Amino acid sequence: AAGVIQSPRHLIKEKRETATLKCYPIPRHDTVYWYQQGPGQDPQFLISFYEKMQSDKGSIPDRFSAQQFSDYHSELNMSSLELGDSALYFCASSLEQGASSYEQYFGPGTRLTVT
Amino acid sequence: KQEVTQIPAALSVPEGENLVLNCSFTDSAIYNLQWFRQDPGKGLTSLLLIQSSQREQTSGRLNASLDKSSGRSTLYIAASQPGDSATYLCAGGGNTGKLIFGQGTTLQVKP
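Heads up: the sequence lines are chains A and B, in that order. The first sequence begins at 140 in the numbering used here and counts up one residue at a time. The second sequence begins at 39 in the numbering used here and counts up one residue at a time.
Warning: the hint list may mix true and false statements.
Covered stretches of chain B, as calculated for chain A (at least 3 residues, CB under 8 Å) [to be verified]: (1) 53-63; (2) 81-94; (3) 137-147.
What the hints contain is simulated information worked out from the structure, not anything from laboratory work. If you're wondering where the values come from, they're calculated on a predicted model, not measured in any experiment. Even glycine gets a Cβ: it sits at the ideal position worked out from N, Cα and C.
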């Protein structure tokens with residue numbers, strides 16, 4: 140079965156640089172979520188999109204922005220990177236929010252290292 | 039604001055033992071509760087999803103229960119195996135679908 144695809148899997152950037160993380164949801168899934176997991180931490184919700192519209196926003200820095208495209212893939216753009224942005228970034232997808240099930244399927248994550 | 043807590047933070051058991059992982063949440067208005075497994079440095083694998091209207095879900099050796107009134111969920115693992123060693127995370131889902139995670143329980147099953 141197809142899973143959530145994230146690219147790149149690993150990314151090394153320097154401080155103040157920008158980074159773009161991509162997420163391709165499971166086919167027919169129209170909702171995408173982004174989470175950040177710092178070292179030794181639990182995943183923290185950043186932002187979500189349903190049908191290309193932002194549906195919820197968590198503790199996402201103003202330096203970060205995201206969008207969902209017409210083919211439902213999503214991109215997380217991170218600017219002015221800081222050392223503290225080093226983390227594992229997960230994307231998850233699910234079927235429409237209106238459905239009773241919000242079971243989320245997670246991608247393998249993008250490991251971002253800021254030096 | 040939803041807060042999710044997991045106890046214990048770490049657990050070590052001998053192979054074959056049955057065990058229970060605990061998860062508590064503060065906001066009873068959750069839409070669902072999901073249990074995940076995470077291996078070191080890896081992604082999250084969904085184990086079980088319990089809808090708010092359900093009391094429990096079972097998959098193989100795993101059984102998860104949900105008691106909204108007391109704000110608790112448990113994950114029961116029967117006949118534990120060394121391959122079950124991982125971190126187990128529970129997460130409460132809200133009406134927009136976002137998940138609030140607990141800090142996880144790191145399980146070690148010794149052969």
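For the stretch 137-147 of chain B, do three or more residues have a beta carbon lying closer than 8 Å to a beta carbon of chain A? It holds: at least three residues are needed, and the stretch 137-147 of chain B offers 6 whose Cβ sits within less than 8 Å of chain A.
Outcome, coverage of the stretch 81-94 of chain B by chain A - at least 3 residues whose beta-carbon is closer than 8 Å to one in that chain: holds (count 6)
When I compare C-beta atoms, does the stretch 53-63 of chain B have three or more residues closer than 8 Å to chain A? Result for this restraint: violated, n = 0.
Against the hints set out earlier in the document, a violation occurs for number 1 only.
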